[in-house]
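Asks: Sequence:
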Amino acid sequence: MDFVDLQVFKCVVDEGGIIKAARKLHRVPSSVTTRVKQLEASLGVTLFHRDRQRLHLSPTGELLLAYAERLIQLSDEARAVVSGGMPQGVLKLGALESTAASRLPRILADFHRRYPEVRLELTTGTNDDLMNKVADRRLDAAFIAEAPAARALEHIPVFTERLIVISSSDHAPIRRARDVEGASLIAFPEGCAYRRVLQRWLGRDSLATLRVLELGSYHAIVACVASGTGIALVPESVLDTMPDAHVLRHAIPKAQADITTPLVWRHGEISPPVLAMRTLIASWSKGKKPKLALTPRRPPTQ
313 MDFVDLQVFK CVVDEGGIIK AARKLHRVPS SVTTRVKQLE ASLGVTLFHR DRQRLHLSPT
373 GELLLAYAER LIQLSDEARA VVSGGMPQGV LKLGALESTA ASRLPRILAD FHRRYPEVRL
433 ELTTGTNDDL MNKVADRRLD AAFIAEAPAA RALEHIPVFT ERLIVISSSD HAPIRRARDV
493 EGASLIAFPE GCAYRRVLQR WLGRDSLATL RVLELGSYHA IVACVASGTG IALVPESVLD
553 TMPDAHVLRH AIPKAQADIT TPLVWRHGEI SPPVLAMRTL IASWSKGKKP KLALTPRRPP
613 TQ
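All letters in the sequence shown, in the order written, are residues 313 to 614 by our numbering.
For the record, the hints were derived by calculation from the structure and aren't laboratory data.
Among these hints, one or two may not hold up.
[As the list claims (entries may be wrong)] List time: in silico EDC-like cross-link candidates among lysine to aspartate or glutamate, alpha-carbon distance up to 20 angstroms:
hint	residue 1	residue 2
1	K322	D448
2	K445	E581
3	K445	D326
[To be verified] Now the in silico label distances, taken between C-beta atoms and shown as ranges:
hint	residue 1	residue 2	range
4	T541	T372	44 to 52 angstroms
5	D314	P371	18 to 26 angstroms
6	D556	R426	31 to 39 angstroms
7	S481	R512	22 to 30 angstroms
Note that the coordinates shown come from a computational prediction; the quantities given were computed from them, not determined experimentally.
Note that the Cβ used here is the ideal one computed from N, Cα and C, for glycine as well.
Please model the complete structure; the sequences and the hints are all you need to start from.
Replies: Spelled out as structure tokens, the structure:
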């Protein structure tokens, strides 16, 4: 099994076809096709199902892809360590929309200045979606809202978010969960950690689950709350970026309000770009940011 064949195979998968992969690799399509066929012949398996002009990864191809990604990553790590140079390559980073909007701009700008050879690709999503993508190697690391229970992931705490309930400006004060009985909840889809926090708070007073209006952005959520559609639980840092939002802020108990945002990555697979991100976070912690525990935290063995 030739390593170059594995690189070509992964590129075909990433680009979605021979022609796009050939363009990315600066090869002619026939050369890419030959490499894929060589790999299939050396393994004695079919990696793609061919349907007219499209390629579909076979179950065997799915298995090989995971190993190819790990081998290519190890190769990149070995090259970076041996050369002693600056991190290079791609950092596929995930983040909650709230984190991407209010916390990451300065961090990413600083990262880009320090490590110009690393290309950042940022994906936003819900807490559960991002954790699944890290575990499946579709992301290298992610900023999420809950420390992962999965032993396959490691993490370090990064910063603390203060969550608040928001309502329209004419809403009565909200001091306890019963004060929102009968209201609609405006939230991100299932998988959102902040949505679970609010539902747990409501559950303490044995309230039935609120009617839920699911939206995909904080701007839409805040706009609907301002119009009187319902209530929402949002990070205060996000609301601080919207000075013209006509909503009321209501505090909830600190046990539910303070949420630590960790950076997570796969156990034992910290690449040079991910390590560079950890290094940057550590340097920020020495300034005005909350101090961070730099030793990766792993969930206890059950």
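Asks: Hint by hint, say whether it matches the structure.
Replies: Results for each hint:
1. K322 / D448: Measuring from Cα to Cα gives roughly 15 angstroms; hence the hint holds.
2. K445 / E581: holds (14 angstroms)
3. K445 / D326: Given that 20 angstroms is the threshold and the Cα spacing comes to 15 angstroms, the pair holds.
4. T541 / T372: 44 to 52 angstroms: Holds - the Cβ-Cβ distance for T541 and T372, about 50 angstroms, lies within 44 to 52 angstroms.
5. D314 / P371: 18 to 26 angstroms: holds (22 angstroms)
6. D556 / R426: 31 to 39 angstroms: Distance hint for D556, R426 holds at roughly 34 angstroms.
7. S481 / R512: 22 to 30 angstroms: The hint (22 to 30 angstroms, Cβ to Cβ) holds, given that S481 and R512 are roughly 27 angstroms apart.
In this structure, none of the earlier numbered hints is contradicted; all agree with it.
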